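Enquirer: Residue numbers (this note's numbering), protein chains in the order written: chain A, 1 to 253; chain B, 1 to 253; chain C, 1 to 253; chain D, 1 to 253; chain E, 1 to 253.
It is worth saying that the hints were derived from the structure and are not from the lab. Any given hint might turn out to be false.
Below, simulated EDC-like cross-link-like pairs (lysine to aspartate or glutamate); rule was C-alpha separation at most 16 Å, straight line [to be verified]:
{"id": "1", "chain 1": "E", "residue 1": "K89", "chain 2": "A", "residue 2": "E28"}
{"id": "2", "chain 1": "E", "residue 1": "K89", "chain 2": "A", "residue 2": "E122"}
{"id": "3", "chain 1": "D", "residue 1": "K178", "chain 2": "C", "residue 2": "D32"}
{"id": "4", "chain 1": "E", "residue 1": "K97", "chain 2": "E", "residue 2": "D60"}
{"id": "5", "chain 1": "B", "residue 1": "K126", "chain 2": "A", "residue 2": "E56"}
{"id": "6", "chain 1": "C", "residue 1": "K89", "chain 2": "D", "residue 2": "E115"}
{"id": "7", "chain 1": "D", "residue 1": "K182", "chain 2": "C", "residue 2": "D32"}
{"id": "8", "chain 1": "A", "residue 1": "K239", "chain 2": "A", "residue 2": "D212"}
{"id": "9", "chain 1": "B", "residue 1": "K186", "chain 2": "A", "residue 2": "E28"}
{"id": "10", "chain 1": "B", "residue 1": "K57", "chain 2": "B", "residue 2": "E93"}
{"id": "11", "chain 1": "A", "residue 1": "K89", "chain 2": "B", "residue 2": "E122"}
{"id": "12", "chain 1": "D", "residue 1": "K89", "chain 2": "E", "residue 2": "E115"}
{"id": "13", "chain 1": "E", "residue 1": "K77", "chain 2": "A", "residue 2": "E79"}
{"id": "14", "chain 1": "B", "residue 1": "K186", "chain 2": "A", "residue 2": "E56"}
Here are the simulated distance ranges between beta carbons [claimed, not checked]:
{"id": "15", "chain 1": "C", "residue 1": "P198", "chain 2": "D", "residue 2": "E175", "range": "25 to 33 Å"}
{"id": "16", "chain 1": "E", "residue 1": "L127", "chain 2": "A", "residue 2": "E93", "range": "27 to 35 Å"}
{"id": "17", "chain 1": "B", "residue 1": "A197", "chain 2": "A", "residue 2": "P198", "range": "42 to 50 Å"}
{"id": "18", "chain 1": "E", "residue 1": "D202", "chain 2": "A", "residue 2": "N144", "range": "33 to 41 Å"}
{"id": "19", "chain 1": "C", "residue 1": "A42", "chain 2": "D", "residue 2": "K205", "range": "26 to 34 Å"}
Computed from a prediction, not measured in an experiment: that's the story for all the values here. All C-beta atoms in this analysis are idealised placements derived from N, C-alpha and C, irrespective of residue type, glycine included.
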Amino acid sequence: MEVFLHNNRGILLAYDQGLEHGPTDFNERNVDPAFIMELANAGRFNGVVFQKGLAEKYYDHRVPLILKVNGKTNLVKGEPVARQICSVKCAFEVGAKAVGYTIYAGSAHESLMLEEFGRIQEEAHKLGMAAIAWIYPRGEAIKNDTAPEIVAYAARTGLEAGADAVKIKYTGNVESFKWAVKSAGKAKVFMSGGPKAPTEADFLKQVRGAIDAGAAGLAVGRNVWQSSNPLRMASALYKLVIEDRSVDEALRD
Amino acid sequence: MEVFLHNNRGILLAYDQGLEHGPTDFNERNVDPAFIMELANAGRFNGVVFQKGLAEKYYDHRVPLILKVNGKTNLVKGEPVARQICSVKCAFEVGAKAVGYTIYAGSAHESLMLEEFGRIQEEAHKLGMAAIAWIYPRGEAIKNDTAPEIVAYAARTGLEAGADAVKIKYTGNVESFKWAVKSAGKAKVFMSGGPKAPTEADFLKQVRGAIDAGAAGLAVGRNVWQSSNPLRMASALYKLVIEDRSVDEALRD
Amino acid sequence: MEVFLHNNRGILLAYDQGLEHGPTDFNERNVDPAFIMELANAGRFNGVVFQKGLAEKYYDHRVPLILKVNGKTNLVKGEPVARQICSVKCAFEVGAKAVGYTIYAGSAHESLMLEEFGRIQEEAHKLGMAAIAWIYPRGEAIKNDTAPEIVAYAARTGLEAGADAVKIKYTGNVESFKWAVKSAGKAKVFMSGGPKAPTEADFLKQVRGAIDAGAAGLAVGRNVWQSSNPLRMASALYKLVIEDRSVDEALRD
Amino acid sequence: MEVFLHNNRGILLAYDQGLEHGPTDFNERNVDPAFIMELANAGRFNGVVFQKGLAEKYYDHRVPLILKVNGKTNLVKGEPVARQICSVKCAFEVGAKAVGYTIYAGSAHESLMLEEFGRIQEEAHKLGMAAIAWIYPRGEAIKNDTAPEIVAYAARTGLEAGADAVKIKYTGNVESFKWAVKSAGKAKVFMSGGPKAPTEADFLKQVRGAIDAGAAGLAVGRNVWQSSNPLRMASALYKLVIEDRSVDEALRD
Amino acid sequence: MEVFLHNNRGILLAYDQGLEHGPTDFNERNVDPAFIMELANAGRFNGVVFQKGLAEKYYDHRVPLILKVNGKTNLVKGEPVARQICSVKCAFEVGAKAVGYTIYAGSAHESLMLEEFGRIQEEAHKLGMAAIAWIYPRGEAIKNDTAPEIVAYAARTGLEAGADAVKIKYTGNVESFKWAVKSAGKAKVFMSGGPKAPTEADFLKQVRGAIDAGAAGLAVGRNVWQSSNPLRMASALYKLVIEDRSVDEALRD
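Only chain A is shown next, with the shape it has when bound in the complex (with noise of 0.2 Å):
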């Protein structure tokens, strides 16, 4: 995971959206891969997430590489469930530092999923890749996703399965997301970005909320590139997480 760090935080920009949501995600500017990867770039993203289809056409190896290697659209209705569709070889050929790979936890299909993504981890590892899971909570059983001990359990539910680092929504406050961190033990905990917030102030707080209780860093792809300016959004994260300064200060030019 040390490629994605720097002062052991990272900000990686997640643009899996067009498979996850459609593109109605996207306006005219960010619809096109291209103009993410220079935003990558000149962010100073320390990972970049893409699927197989954009990685081989616009990956241009300035910013690590997250190859997300299963994926699904959400025209389907029923328990969640999204299968491997990149090989992990074809994710390391393509330049990839790591896979990412979404488990649907307490799907009706989760064990499809934890056992896919242990033959997945295991092979990244053998290729010096590192294995992100994204966990999710979902599918009927699942009331509320961000309930602390949901996000907990996601959290040590990434841990147990092998993951180097884990993807999990934010429980709303610092004290709740400690636990969630502490439950990830040593797997760096990355919080996800989640729809576009209402305002840059509301979505930093959260952010500085994650890293507070302990998160490495965050994913993150509405809240920067459905902003009017990226770039601007993507250096008040640097401030905030990698150099470790307050809301106002990241917000400040």
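Since the structure of chain A is provided, determine the placement of chains B, C, D and E on it from the hints.
Expert: Only chains B, C, D and E this time, still in chain A's reference frame:
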């Protein structure tokens, strides 16, 4: 994909309807794959789409071949699924320059097809073949499969999954199809010909719209080989798509 | 397929009913596979159809063998599915010149069988064996499996999937069966013998119709070995199919 | 199968009930597999049936071993299925001369078991081992699993699937069991011992009936090791089956 | 199994609850796997049970390791299933002396787990590792999973499936647990510690009962690391199980 393009445009003659719809689509003449093979050549098509059985028994190498490697009959009800029925190696040996694969996005079985396409795309690339995805949003969750946001999602799904080209339905107007083309990024977009249009002009207008929106071309079957004069239709499409002429010019002899 | 043809016609003795229907189809004599093996030889059949168990224990190489590599009992209810129960390699080693495989088109499990047939066909061709598809439209979605458009669809499905020959039901008249034969293209068509017909003449008229429609021959079981005089029936079929005689001539001693 | 036969007859000591029914079938003495191993030897059985765990920990090579390679508990409800839980290679290495496999004909999962048995039979034959099929018609579709036509169907299913021997239930009388034996062709028929009969004579009459109908012998468990004098019962079976004596002679000391 | 035994007895420190129950089982101290690793060593445990993630990040080789190779969260509803999430090879490389695997006997997915355990057991033995089965009767069909006949069935299932040791629940009294131990034959029996008992004496009485019934020891988690003085509890267990002392002696300092 270069082999399927001329002036960076391409017209593919689709003939997988025998499996997908049954011979009810055919008449005494076009039921014969040899007739289609002739037509593909005489009509200056940039590619011809066959299932394995037709490729093995009728393909004569005069037009580049796209081997459709999955398929299903339309006799089956329920959530659609089509699994691989031809190996990539077999497609290669019969002389195909690309494999085609249908993904029913939104189907309860979507994840099986995304996974299978993932494996097929990697195998095809290893053998120097392109991977073309037919992305058809379908299943109980899909209300309108030509809605602009659905078509754009289909296009994007193909790009993210690693397709070199996507075959998608036309949205009905240039503006909304532009967004689909943009969502497909560097993946080439081929408009799906669909059922026979009321008049030739109607059909050509759709094609013109798709081309104007940035599509590389179209994959067309019934609108050509159900035509009373398939070669005239092929010629019109050639003028319109490859020579970039207007609908009127294309229809003029 | 040449090995199964004489004058480009063929009569195959089907004997997979023991698994498909149970011994209820048999009497004291025809329950014995050795009797069938004798009959296949004495009756000048162009091929005999066995499951693995019979082939291993009774096949004597005097008549070309089609090994049926999938099957099921009729005790099971619900959407039909029959998976591979004999490897292609095993079929080859026991001396088969072709593998047979049933695809229940329209079944909820259709895609499993199309996929499996795809693999088997490729393996068989590698070993120099033919691949014959029994295409039986069946399942809740199928109302009438001898309707002309359904039979034609079955024939076409076999051609598209890569079958060298298809075994399909008779539609009831020459004209509609012609369309099925045409839909099968270069795949040879074998009429399925079906349950014992009321009289020999009734059955022979059907066979004559199928041949007149362009079928290569038939695969027949019960109408031969349930006959009071199987060899006389075999002789009649030989005259009608191989020597292309009329029903009356065939019935004459 | 020769190794399991004496005078072309065989008595197999079945002891897979620990997994199939649980220890409720056992008492303080017969719960111990070592007791069964002794009994198999002292009782001059022609074979003993163990699951992998027992074979590895208790088998002493004095009696030929049939390793049962699939199994399930009776705690599970719904359509029955038992998958392979011991590899053929493992069975071979522990010293088995045959593998045993249960097929629940008529179950919604029948096709899985027919397929698995197909693979196992081929592997076993490669290693010089016999393949014995326990054919138990079961599931919602089966009303009476000892009805003559059902038992005959079971026997035939084993023959067609390539079993060297089939274990089937007794139909209740000689005449109808004859038909089952005939349906099994060259596959040896072993009567299934079933639950403990009211008296020894009752049980021996059934065995005598099966033998008279042409069975090669029986696979017996509870009627021997639940007996107050297992060796006496074994001796009676030996006289009746191997020495072909009457029930009265067999019961006489 | 020898490496896990002392005086033919063993106490295993179980710590797979993070995945099975979530961090809700933990407090600020025992949430840390490093604390558990220390405790395993200082408390003279004969083995420690970790999932892959913990083993890779925290295992220090001072106490023999049992790597739990399947698992699931308790967020999932419906019939329980836990698939393999760590390869046997990976378990071996991280230094495990045994693999652990949970079989939910009675679950609708039982056959998947029995099959998977079968493969894992064979792989483990090849690499010189023991295979320990957690047998938990569970699912709609199971009314009371500590009923004597259910626990005995669980024990026997492990023996039959080839487990070197089984982990089963206590039945509540010595007499009935004796039957379970007898049913397990040569497979070692480890009592499952279960949720924290009201008092230490309560728990130790259960353990004493299991040992008196013939168990080799226990696998204990919450009753140790949720204790206010885990080392004192470990010491009491050591005295009771390894030194075979009474509950009173064990509780005395």
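Enquirer: All the hints need checking, so say for each whether the structure fits it.
Expert: Hints versus structure:
1. E:K89 <-> A:E28: Violated, at about 49 Å.
2. E:K89 <-> A:E122: holds (10 Å)
3. D:K178 <-> C:D32: holds (13 Å)
4. E:K97 <-> E:D60: holds (13 Å)
5. B:K126 <-> A:E56: Since the Cα atoms of K126 of chain B and E56 of chain A sit roughly 13 Å apart, the hinted pair holds (cutoff 16 Å).
6. C:K89 <-> D:E115: Given pair K89 of chain C, E115 of chain D holds - Cα atoms ~15 Å apart, limit 16 Å.
7. D:K182 <-> C:D32: Measuring from Cα to Cα gives roughly 8 Å; hence the hint holds.
8. A:K239 <-> A:D212: OK: K239 of chain A and D212 of chain A at ~14 Å, within 16 Å.
9. B:K186 <-> A:E28: holds (15 Å)
10. B:K57 <-> B:E93: holds (13 Å)
11. A:K89 <-> B:E122: Roughly 10 Å separates the two Cα atoms, so the pair holds.
12. D:K89 <-> E:E115: holds (15 Å)
13. E:K77 <-> A:E79: Within the cut-off at roughly 11 Å; holds.
14. B:K186 <-> A:E56: holds (10 Å)
15. C:P198 <-> D:E175: 25 to 33 Å: holds (31 Å)
16. E:L127 <-> A:E93: 27 to 35 Å: Cβ of L127 of chain E to Cβ of E93 of chain A: about 31 Å, so the range 27 to 35 Å holds.
17. B:A197 <-> A:P198: 42 to 50 Å: holds (48 Å)
18. E:D202 <-> A:N144: 33 to 41 Å: holds (36 Å)
19. C:A42 <-> D:K205: 26 to 34 Å: violated (43 Å)
The structure fails to meet hints 1 and 19 from the earlier list, while all remaining hints are met.
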